[in-house]
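*Asks:* Given next are the chains, with one letter for each unit.
Protein chains: 2
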Amino acid sequence: MTDMAAVFGASLFGLGVVVYMLRSISSIPVKHEKAAQIAAAIRAGAMTFLWEEYRIITAVVAVIVGLIWYVVGSVAGMCFALGAFSSMLTGFIGMCAATDANVRTALAAKEKGEHAAFQMAFFGGGVMGFAVASFGLFCMGSIAYLFSTNPDSYVIYLTCFGFGSSMVAFFARIGGGIFTKSADVGADLVGKLEAGIPEDDPRNPAVIADNVGDCVGDTAGMGADIYESYIGAMVSSTILAVKGFSFPDLATEQLYVQLPLMLSVFGLVGSVGGLMANFVLRLQPAAMLRNASYIAIVIFLALAYGYLTMHGMGMELFISIILGCISGIVIGLITEYYTGSTPVERLADISRSGAATNIIYGLSIGMESTALPVIILAGVVLTSYKFGGGDFGVSIAAVSMLATVGISMTVDAYGPIADNAGGIAEMAGFDPSVRKITDKLDALGNTTAAIGKGFAIGSALLASLALFTAYAQAAHIDTLNILDPMIIVGIFLGGVMPFLVSALTMRSVGKAALEMVLEVRRQFKEIPGIMTGKALPDYKQCVAISTRAALREMMLPGIITVLVPVVIKFGFGYAFGRVAGIEALGGLLVGATVTGVLLALMMANGGGAWDNAKKYIEAGHCGGRGSEAHRAAITGDTVGDPFKDTSGPSLNILIKLMSIIALLLAQI
Amino acid sequence: MTDMAAVFGASLFGLGVVVYMLRSISSIPVKHEKAAQIAAAIRAGAMTFLWEEYRIITAVVAVIVGLIWYVVGSVAGMCFALGAFSSMLTGFIGMCAATDANVRTALAAKEKGEHAAFQMAFFGGGVMGFAVASFGLFCMGSIAYLFSTNPDSYVIYLTCFGFGSSMVAFFARIGGGIFTKSADVGADLVGKLEAGIPEDDPRNPAVIADNVGDCVGDTAGMGADIYESYIGAMVSSTILAVKGFSFPDLATEQLYVQLPLMLSVFGLVGSVGGLMANFVLRLQPAAMLRNASYIAIVIFLALAYGYLTMHGMGMELFISIILGCISGIVIGLITEYYTGSTPVERLADISRSGAATNIIYGLSIGMESTALPVIILAGVVLTSYKFGGGDFGVSIAAVSMLATVGISMTVDAYGPIADNAGGIAEMAGFDPSVRKITDKLDALGNTTAAIGKGFAIGSALLASLALFTAYAQAAHIDTLNILDPMIIVGIFLGGVMPFLVSALTMRSVGKAALEMVLEVRRQFKEIPGIMTGKALPDYKQCVAISTRAALREMMLPGIITVLVPVVIKFGFGYAFGRVAGIEALGGLLVGATVTGVLLALMMANGGGAWDNAKKYIEAGHCGGRGSEAHRAAITGDTVGDPFKDTSGPSLNILIKLMSIIALLLAQI
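Protein chains in written order, with my numbering: chain A, 1 to 668; chain B, 1 to 668.
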């Protein structure tokens, strides 16, 4: 039980860090009226959306809780609700911090300079980062504390808890992603390309909606996403430990079953270490962002090594732990290469022949970028089998990748805050030097955020493999033979799922963006004096359009994803016998995981490459701003937006959501 | 042996049809000097490219023949060479006919009207269609006649023959695809978008290259592609018949082993029937194109039913045959829906908000369009297992889909001829009414060609499944358990292959198009008087650029595709034991087939939707020519070009090429 004390101690300490950061943000007064007004408008828009979104999600959650309560039992239903509500709470707290920090970052940049601004944005991101780590650990710890004595029900409760967090993450990612990208695309297409006004110009009717989008998509949506990844890795690993081994005694079993939790404790301690290092070392922001993560990983590895040695757990698992950390970093570096180096320069160069070749080349970068990460993850799986901890080792690698989520999520959430601060600075009419600082901080975040996406996808693949193994164990099958038609058909149908869901989410962005474009054009035409600054555009109408579109469009993908595994299992089971249902569902998971991971990589990296090619041209290369190449690059960036911020990230969640539903179906 | 007489009789009769059509085309004199000159330039460009391409392919073929000769034996090497050279010969004959028929179609439209022009283009396509059907059947028949008495070597020889045709098809598709799309994109981007001159305007320096591209890509490349599909289906089915059953007696065995050949005989007879119907009925061209295919299928089904009944082979196989035909048609109709109906109108509508939303929406159409075809093919596989002929039935469904290739390939090859005729009419300065006729004929071909693509992808999936089953049998394994890490890793690595190869081919088109754009821009700048028509552009330079780019860029994808299966088998075999190599290679095939089929569907349908959205706008909707929506639609069409004519179709071949290499590796 000393381990459980560590779990609760660490998570409460982490929550203390969250409260400290929240208070140090809000204790700084906002002494600039216009900036305060703009920030209040962004906050109001974000809160309205989140409120409406959570209301709808709560309704869905209530239905599923009812179903689980009825079919499985009351505690299982409550675990699902815990997963769902803890995710929503995390997103809410993180977004409060972000909307508090954005205006203060802008003011800090104006009054105190780069370092103070960096600190403020970093704290804003830190609230989300440490909230994710602490809430996740606390909830997992609570379930372990209450139910781990009965392995069978423990596994079901964990599954339901993971299901809840996945369900919310899926809706939050898609809803937030559609909101932010419809606003962004709408603002860019009419504002930048047609009216020729710069980004974040207050004359653009969609500008507030665009900034609200950063908060609800890039902050709240991403928070729920990472929370789900973190939980998903721990859940799958714990279930494998409970189900997969026969232990000599109870004490050894406890060690293995609690290892995922302990690794997360070490990761949280490491994250705090990385955070402290930022105070002590006072390096340049760029170095800090990087070092904070590296220091966290080193502390994490040292603690993990000490723990394994102390309990004589053998070094195979440590190999898996190192594999997880290293492969996460390497995939991040590959992401950085494809989204920030030679490929991006070539993409910028080829943009000189127009938008079409920019799109063709960008897609090809995205497609090519799938190869190395998959090869590396294949290496992790094979090495784990040959030298590491086998199936359990693979899941431990996923847990290790995400253990330092406190600090890596901080870096992820810091970027949108800096971005938002720039928008506020622009709209409040601050000196351009302020915008320069926030732009620099934003750019730093982009690169590091790319690494974060590598972690998310890599861990999704490994966690899904672990969930898949757990599924087979729960369904009591040793063999899923691809030569069997049920399985091959299942694989093909599963392979379709990510394509179908991406199609729906991309189309939603396209449709919502069209609505936004027409509205912005209408306002430019019907409200005289917008362009001269004499009349204010109707910002609220644009926020309302994005809100409506996002809430309307997030339902269908969610329903499809939840229903398909159920239909496959019972449909095939009915037509070809119970085993066929289990087999087809197993195939479905494999197919969805393969195409899901590949499409997610393609979309994340392709989107990043387009984004950075545009920025590279804007920095003065290949003709610079206003050139033919620039126009082409803006088109590419606009296509890349839903790729990297809506459809792509939702696929990571999709594959785990389907896996966890399958796992639940196998147990009832 | 009466069956073998039917095989040779039908194939020789088919060749007779080819010779008849060739002669009736060339017997018509070309009495218009300027048109003749243009046609000669197109023909010279096409022949130069084909000659250069075949030289390089021959070198590769020689190396592989040498390897096979050394490792497997001389006859196997010669079978590979037969597959390769018969494919090249088919492509060559088809292209000769196309370059003869294009100018005569233009003249027929000018002098005799629509029906004569249709007849000429249809005959031009017919040469390719019946050459594919007859050569394929003749070569398969010859191998059966010579070697079918020894099952083991028969299977190896068939594998090598199929390998040869796949290898050539892969190069021809990629090389031809890069040529045609670099020329097309280059001509469109500078000519249409920048200089504002219409399509096929003789002032455009890339115009001859564009027309050459239609011949080498859409005719020769597609011919090799369909030849490979036709062979691939027969080969996989025959191998399953040889390997998969234990027969009561030799006579029954012969019946099953020869069934794929006999079905192709019936399909060829049906195709001739469909052709004759065109003479007898003299309907409108649109009705003819459709009816010719339907009549062919009805005759085919009747003959197949009679044959199965006569030999008492049971109705399970007839269910599979019907499933093949119906699913092919249904997938074609789905293709037609996504590339010609509501989705296209919505795509055109959404183009009003610019190129970016056009791209986003078009990609989403492509992605969504993967779902129904896969569900239908899943239904075919499941139905075949429950009511039809099992594994063998699945392969028979693939054979049935392609049995009427004579007529369906005719329709496929007819489109580019009509397209080319339009180009010649434009360049030779014919009256616009001529162009109107050829445009109408071209448009008719587009819809029917979409159905052809559905057949190609559907049969590729079913044939690959059959090859996969044959692989497992040849490698003497009953179980490929996805829970085994070797297999799951193999699946992921295989899943990457189509992404990687698509990335390479798309990038090649992008790079080659950039070269072309720069050259066309240079000519407009440096050759005074092009725009006023006083000076001729340097057409040859543009042809040379496409030729060089295509030949340079087709090598890498080919080498990767051939080497990866070899490396996986021996690499995994070396590191984890022989069985691991077999398992990983099996996984590789499944992974490549899943993502290959899905990406191929997405690219074919997305590309078709973009193409037709542009045409829909050009017909006067959503603002018509010159509107913002039109500019956006041109960008979409340009992205769609490599999708539907280079990368997408090469994936059908990729999955069969990898499967057949694996099958060969399993046997040596």
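These aren't lab readings, by the way, just hints derived from the structure by calculation.
Heads up, some of the hints might be wrong.
Any copy, or any two copies together, can satisfy a pair, since identical chains are not distinguished.
With a cut-off of at most 20 Å between alpha-carbon atoms, the simulated EDC-like pairs for lysine to aspartate or glutamate come out as follows [stated by the list, open to error]:
id: 1; residue 1: Lys243; residue 2: Asp484
id: 2; residue 1: Lys436; residue 2: Asp478
id: 3; residue 1: Lys525; residue 2: Glu336
id: 4; residue 1: Lys31; residue 2: Glu111
id: 5; residue 1: Lys112; residue 2: Asp478
id: 6; residue 1: Lys525; residue 2: Glu194
id: 7; residue 1: Lys192; residue 2: Glu628
id: 8; residue 1: Lys34; residue 2: Asp201
id: 9; residue 1: Lys534; residue 2: Asp478
id: 10; residue 1: Lys525; residue 2: Glu628
id: 11; residue 1: Lys386; residue 2: Asp249
id: 12; residue 1: Lys386; residue 2: Asp484
id: 13; residue 1: Lys440; residue 2: Glu526
id: 14; residue 1: Lys615; residue 2: Asp249
id: 15; residue 1: Lys112; residue 2: Asp349
id: 16; residue 1: Lys34; residue 2: Asp3
id: 17; residue 1: Lys112; residue 2: Glu526
id: 18; residue 1: Lys436; residue 2: Asp3
This structure is a prediction, so every number in the text was calculated from the model and none was measured.
*Asks:* Confirm or reject each hint.
*Replies:* Results of checking the hints against the structure:
1. Lys243 with Asp484: So Lys243 and Asp484 pass the 20 Å test across copies only (17 Å; inside, 26 Å).
2. Lys436 with Asp478: neither (59 Å within a copy, 64 Å between copies)
3. Lys525 with Glu336: neither (42 Å within a copy, 39 Å between copies)
4. Lys31 with Glu111: within (11 Å within a copy, 83 Å between copies)
5. Lys112 with Asp478: neither (63 Å within a copy, 71 Å between copies)
6. Lys525 with Glu194: Result: close within a single copy only, 13 Å intra versus 29 Å inter.
7. Lys192 with Glu628: Answer is both; intra-copy 14 Å and inter-copy 16 Å each pass.
8. Lys34 with Asp201: within (14 Å within a copy, 58 Å between copies)
9. Lys534 with Asp478: neither (72 Å within a copy, 77 Å between copies)
10. Lys525 with Glu628: Classified as between; 17 Å across copies, 27 Å inside a copy.
11. Lys386 with Asp249: For Lys386 and Asp249, neither the intra-copy (26 Å) nor the inter-copy (48 Å) Cα distance is at most 20 Å.
12. Lys386 with Asp484: between (28 Å within a copy, 13 Å between copies)
13. Lys440 with Glu526: neither (37 Å within a copy, 43 Å between copies)
14. Lys615 with Asp249: Neither way: Lys615 and Asp249 sit 59 Å apart in one copy and 73 Å across, limit 20 Å.
15. Lys112 with Asp349: This pair counts as neither: shortest intra-copy Cα distance 38 Å, inter-copy 50 Å.
16. Lys34 with Asp3: Neither, since 51 Å and 89 Å both go past 20 Å.
17. Lys112 with Glu526: Neither: 41 Å inside a chain and 56 Å across chains, both beyond 20 Å.
18. Lys436 with Asp3: Neither way: Lys436 and Asp3 sit 48 Å apart in one copy and 81 Å across, limit 20 Å.
Hints 2, 3, 5, 9, 11, 13, 14, 15, 16, 17 and 18 from the earlier list are contradicted by this structure; the remaining hints agree with it.
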